[in-house]
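Use these hints to put chain P onto chain V, whose structure you have.
Keeping their order, the protein sequence lines are chains V and P.
Each residue of the first sequence is one higher than the last, beginning at 1 in my numbering.
Each residue of the second sequence is one higher than the last, beginning at 1 in my numbering.
Hints may be right or wrong, so weigh each one.
[Stated by the list, open to error] In the BS3-like style, the derived pairs of lysine-lysine whose C-alpha atoms are separated by at most 27 Å in a straight line are:
#  : chain 1 : residue 1 : chain 2 : residue 2
1  : P       : 68        : V       : 83
2  : P       : 56        : P       : 70
3  : V       : 57        : P       : 70
4  : P       : 36        : P       : 68
5  : V       : 57        : V       : 42
6  : P       : 68        : P       : 56
7  : P       : 67        : P       : 56
8  : P       : 56        : V       : 42
9  : P       : 68        : V       : 42
10 : P       : 36        : V       : 42
11 : V       : 83        : P       : 67
12 : P       : 56        : P       : 36
13 : V       : 57        : P       : 56
14 : P       : 67        : P       : 36
15 : V       : 78        : V       : 57
16 : V       : 83        : V       : 57
17 : P       : 36        : P       : 70
[As the list claims (entries may be wrong)] Listed next, with one range per pair, are the computed distances between beta-carbon atoms:
#  : chain 1 : residue 1 : chain 2 : residue 2 : range
18 : P       : 8         : V       : 8         : 23 to 33 Å
19 : V       : 115       : P       : 44        : 23 to 33 Å
20 : P       : 44        : V       : 10        : 14 to 24 Å
It should be emphasised that the hints constitute simulated quantities derived from the structure, not laboratory data.
Glycine included, C-beta positions come from ideal geometry on N, C-alpha and C.
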Amino acid sequence: EPEVTQTPSHQVTQMGQEVILRCVPISNHLYFYWYRQILGQKVEFLVSFYNNEISEKSEIFDDQFSVERPDGSNFTLKIRSTKLEDSAMYFCASSEQGQNTGELFFGEGSRLTVL
Amino acid sequence: GEDVEQSLFLSVREGDSSVINCTYTDSSSTYLYWYKQEPGAGLQLLTYIFSNMDMKQDQRLTVLLNKKDKHLSLRIADTQTGDSAIYFCAESITGGSYIPTFGRGTSLIVHP
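Next comes chain V alone, as it looks inside the complex (with noise of 0.2 Å):
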């Protein structure tokens, strides 16, 4: 069964360090997206893209994050100067267009720890 696949699994980086999170969303799927979950709160949305380029974004998604679709298959979120409070899980999403039941497929995450 195709799915969204995320790496790295965990990476810790120290503060201002640059991260570069990867998924490979399922390879029919047009739309994209980033979640974000600290450690006891909410999915947060981050960031929808679809036809190379960003389509919603949340207020959470300011100047230090950015997403690309470097080739055919990649879907990939920069943060360029990590923060402490950058800790937490993130989930990459694809969904299939013309699905208006909003039916998201998820990746297993990614978990980041700011040092």
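The following block gives chain P in isolation, referenced to the frame of chain V:
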């Protein structure tokens, strides 16, 4: 703005029914969802209900929607140890994107 609230933990005995509750704030919610996250896995859509429905049943799962109170519940009949997971309530509103807003998840612990 959209907000979804749910309790953090629920513990039940194997074979009993589990009821996980959720409240939401946006009255224009179109779809309401239950996602399940098993250990080490991503969130997976379990079921959803359209806002013009009151109830949806799918095998052991029953979803009840009270639009007046903005209350959504998920009932799992004959709960099994394999049902132990985190259950996320989510809503999306009409507007084209249908991007779900999630709660923080309810950890369901099923003990023998």
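Hint-by-hint comparison with the structure:
no. : hint                          : verdict
1   : 68(P) with 83(V)              : violated, 41 Å
2   : 56(P) with 70(P)              : holds, 16 Å
3   : 57(V) with 70(P)              : holds, 26 Å
4   : 36(P) with 68(P)              : holds, 26 Å
5   : 57(V) with 42(V)              : holds, 17 Å
6   : 68(P) with 56(P)              : holds, 17 Å
7   : 67(P) with 56(P)              : holds, 14 Å
8   : 56(P) with 42(V)              : holds, 25 Å
9   : 68(P) with 42(V)              : holds, 24 Å
10  : 36(P) with 42(V)              : holds, 14 Å
11  : 83(V) with 67(P)              : violated, 40 Å
12  : 56(P) with 36(P)              : holds, 17 Å
13  : 57(V) with 56(P)              : violated, 32 Å
14  : 67(P) with 36(P)              : holds, 23 Å
15  : 78(V) with 57(V)              : holds, 14 Å
16  : 83(V) with 57(V)              : holds, 19 Å
17  : 36(P) with 70(P)              : holds, 21 Å
18  : 8(P) with 8(V): 23 to 33 Å    : holds, 28 Å
19  : 115(V) with 44(P): 23 to 33 Å : holds, 31 Å
20  : 44(P) with 10(V): 14 to 24 Å  : holds, 21 Å
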